[in-house]
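Visitor: Construct the entire structure; sequences and hints are all you get.
There are 2 protein chains.
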Amino acid sequence: MAQQKKLVEEITSRDEDFTQWYTDVVIKAGLIAYSNIKGFMVIKPAGYAIWEAIQKHLDARFKATGVENVCMPMMIPESLLNKEKDLVNGFAPEVAWVTEGGQEKLQERMCVRPTSETLFSDFYKDDVHSYRDLPKNYNQWCSVVRWEKETRPFLRSREFLWQEGHTVHASAQEAEARTQQMLNVYADFCAEDLAIPVIKGQKTDKEKFAGAQATYTIEALMHDGRALQSGTSHDFGDNFSKAYGIQFTDKDNTLKYAYQTSWGMSTRIIGAIIMVHGDNSGLVLPPKIAPVQVCVIPVQQRKEGVLEKAQELAAMLKDYRVKVDDSDKSPGYKFAEQEMRGIPLRVEIGPKDIEAGKCVIARRDTGEKTDCPIAELPERVGALLAQMQTDMYERARKHLEEHTYTAATTQEFEQTFAEKTGFVKAMWCGELACEEKIKENYSVTSRCIPFEQEQIAGTCVCCGKPAKKMVYWGKAY
Amino acid sequence: MAQQKKLVEEITSRDEDFTQWYTDVVIKAGLIAYSNIKGFMVIKPAGYAIWEAIQKHLDARFKATGVENVCMPMMIPESLLNKEKDLVNGFAPEVAWVTEGGQEKLQERMCVRPTSETLFSDFYKDDVHSYRDLPKNYNQWCSVVRWEKETRPFLRSREFLWQEGHTVHASAQEAEARTQQMLNVYADFCAEDLAIPVIKGQKTDKEKFAGAQATYTIEALMHDGRALQSGTSHDFGDNFSKAYGIQFTDKDNTLKYAYQTSWGMSTRIIGAIIMVHGDNSGLVLPPKIAPVQVCVIPVQQRKEGVLEKAQELAAMLKDYRVKVDDSDKSPGYKFAEQEMRGIPLRVEIGPKDIEAGKCVIARRDTGEKTDCPIAELPERVGALLAQMQTDMYERARKHLEEHTYTAATTQEFEQTFAEKTGFVKAMWCGELACEEKIKENYSVTSRCIPFEQEQIAGTCVCCGKPAKKMVYWGKAY
Chain A
95 MAQQKKLVEE ITSRDEDFTQ WYTDVVIKAG LIAYSNIKGF MVIKPAGYAI WEAIQKHLDA
155 RFKATGVENV CMPMMIPESL LNKEKDLVNG FAPEVAWVTE GGQEKLQERM CVRPTSETLF
215 SDFYKDDVHS YRDLPKNYNQ WCSVVRWEKE TRPFLRSREF LWQEGHTVHA SAQEAEARTQ
275 QMLNVYADFC AEDLAIPVIK GQKTDKEKFA GAQATYTIEA LMHDGRALQS GTSHDFGDNF
335 SKAYGIQFTD KDNTLKYAYQ TSWGMSTRII GAIIMVHGDN SGLVLPPKIA PVQVCVIPVQ
395 QRKEGVLEKA QELAAMLKDY RVKVDDSDKS PGYKFAEQEM RGIPLRVEIG PKDIEAGKCV
455 IARRDTGEKT DCPIAELPER VGALLAQMQT DMYERARKHL EEHTYTAATT QEFEQTFAEK
515 TGFVKAMWCG ELACEEKIKE NYSVTSRCIP FEQEQIAGTC VCCGKPAKKM VYWGKAY
Chain B
95 MAQQKKLVEE ITSRDEDFTQ WYTDVVIKAG LIAYSNIKGF MVIKPAGYAI WEAIQKHLDA
155 RFKATGVENV CMPMMIPESL LNKEKDLVNG FAPEVAWVTE GGQEKLQERM CVRPTSETLF
215 SDFYKDDVHS YRDLPKNYNQ WCSVVRWEKE TRPFLRSREF LWQEGHTVHA SAQEAEARTQ
275 QMLNVYADFC AEDLAIPVIK GQKTDKEKFA GAQATYTIEA LMHDGRALQS GTSHDFGDNF
335 SKAYGIQFTD KDNTLKYAYQ TSWGMSTRII GAIIMVHGDN SGLVLPPKIA PVQVCVIPVQ
395 QRKEGVLEKA QELAAMLKDY RVKVDDSDKS PGYKFAEQEM RGIPLRVEIG PKDIEAGKCV
455 IARRDTGEKT DCPIAELPER VGALLAQMQT DMYERARKHL EEHTYTAATT QEFEQTFAEK
515 TGFVKAMWCG ELACEEKIKE NYSVTSRCIP FEQEQIAGTC VCCGKPAKKM VYWGKAY
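Protein sequences, first through last, are from chains A and B.
First residue of the first sequence: 95, per the numbering used here; consecutive thereafter.
First residue of the second sequence: 95, per the numbering used here; consecutive thereafter.
Fair warning: there could be bad hints in the mix.
If several chains are the same, the list does not tell them apart, and a pair holds so long as it fits within one copy or across any two.
BS3-like mimics (lysine-lysine), calculated; alpha carbons at most 30 Å apart, straight line [as the list claims (entries may be wrong)]:
hint, residue 1, residue 2
1, Lys302, Lys452
2, Lys122, Lys336
3, Lys345, Lys397
4, Lys336, Lys243
5, Lys412, Lys382
6, Lys243, Lys559
Because the hints were derived from the structure by calculation, they are not lab data.
Guide: In structure tokens, the structure reads:
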């Protein structure tokens, strides 16, 4: 058990220093390694397997709504990027420029895509001619580059992996419906697969995406009470379509501009999984997306029949993602490692268990250990995984609820943020000036105007003028 | 049928102009669109779905051999690239350089990865310490950039998608075994999933990968008799490990350099599928990797019950990848489109068929049409898909056999390449000078030194000196 303690003690306590705890988990759970290039990380097998699970679940949800995958070029010529003014202003300061290729200086420099609205628009301009060609619901899984100053693994990096969906429609209504549909896909995915409850809402004009008519967002609350924007969906109306010339002949035989949307979720969501579910023993993975759901650990594995029995148990669990840790490390070390890596269930099997015809199952989230007759193992594992998925969501929901406050007055707003970290629901007049003042005074930003509105007060929490909307405010990652 | 003819007539005949035929298929089957950046293509849904199918099959084969997926940075600092002399000389002339980021000139320029040996080596140097850490069998699916002068969709493009496996081992023997194992994975995948027979062998020193000790290759023969290098596997020995300092403490407690391999297959293989199986009606996809295996086409679909019956047939085929074309195009147009896109089977259903309790099944590869009682449809579809997969492989194997020639003398060699296009098996002394002379004189290159050697003659086909090896020669893409 000395080794087990050692491994666990190496993590900083979550409540002492959340930032350091996060870094410790990311490294010690084997999710990433820092590369020699600032802001570029190496995603290691344990980290990439989580991303593969996310891709699998999310991609299936996309395809169920008629989305098709494509692949766009990774570079954007400067002249193409410049066609949409807002987008240029939004992204130009943070792109990486390719200026030389094949030992020659390029006639026109190209940026590595920070996002691909321009490329999709340029493609749709030539691909869409008639209402019969619409809608097109395309998505791509790729990596993008944004030259961030401050970087943190998964949360903010110069290169990150994501998916970006880009759709084009014949009507504004259809584009708006698709924008909301994809936001719901993200919210359902978070709730059902990642056990993360989110707040759905609209971004203020200040926080919306460059060039968008409306940006919708899902906001999740981390264990430390800070917010993480976890997925966004944008309705562009015909902004891009006019800038890039995407026109089609409609049923009435007139030429019209098309309507577009885009929506994205990135490896950032792995940061959310860590910060919502993780604890002082490391990562805790929701069973549905855990690359390994059950780790069978033989105790006294050199004794005759123990390793064989462990393999036998694994074979009984073939309907689950199961692995036997038959390495020559001590059981204590293996326990600590399985906990660090967040594997939902541990099955322990030793000579005494074999004699008694049972094994021990330990839940990663609660630490609860129960004896289980070997014959009942598959059934119990199935039930425990389902229960753990539900319980993890419920705990996260309760945490969100307990860390969501309301403030009717400026004083309440100030006091809440002075004493607590979490979401504060408060009324807003809709003016940019108030939003900026709140950010300056309390270092919090508007997270979203939630779809589920409440009437907390009649006046703006900042200026006291009549309020238009209730807003979620918080400190964000 | 006018529309059908029109669509088909738009393709150039495969035997008249193979190059133009290829381009026509790539565009008209909806696989790609040209982007506005030279050498960068847009892979459209029909093309990307093929790549997804390839990824799925190949990734499962990798994982069955213990490979784990990771993600490395997309950029390489110049100083890191420069550490391995051969690699620099091989790739430096064709990389794209990022010189500016976030509005500032970078202190050191970085290239967009043309391949990732340097990045993996730099990572392994810090990640591998003991023999207990070995082997590491990592792979990544990503895109790479090589600044090619001449570009063609899939076959040679400035950006392409691929997988690159990079493994590190404790012994030279183990690295060599992994190199050959992965070549066999590629060969089996081509034969069993893509219905493409390949020649397995070793590249000559002239043709091997920059920095490799040995490069193994699978070579496929296209319909026009030209060769396509379809996958390669490299044994680096300890070359990279010495350049990048990958050392580990072995069981005997001494510090040793590790041994490495790398192996890759790219979207180029989609070019092989097109050029091995395609015909004058367009693409022909092997059933195992066809994104859609069966297209149900209703005939006279406005008649009562026809569309419903088509949907019913599709429901009966739920074990296969099936789609109903219920668009308002004419049946003839739909037939031509299904053929152009290479969907293996077409099921036709019209009022008369319904009355007779049957439907018609058409095979894409042979054009053969047979009546099928509706109750027997799933069984027949399963049998036909399996048969088509086998037949496609057999036709390709026969074509390869019939276009593989032997030449014992210089005169035979010259005459064969003057009259035929295909592989020519001939003896070689092993000297670079002869290899270069053959390239100069006949515009053919050594494709590989096949594992299955034959003794065609005793002397080199070029210089007449004693021969060391039999080599496959050919014109390559």
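Visitor: Could you tell me which of the numbered hints above are not met by this structure, giving the numbers in increasing order?
Guide: Failing hints, ascending: 1, 4, 6.
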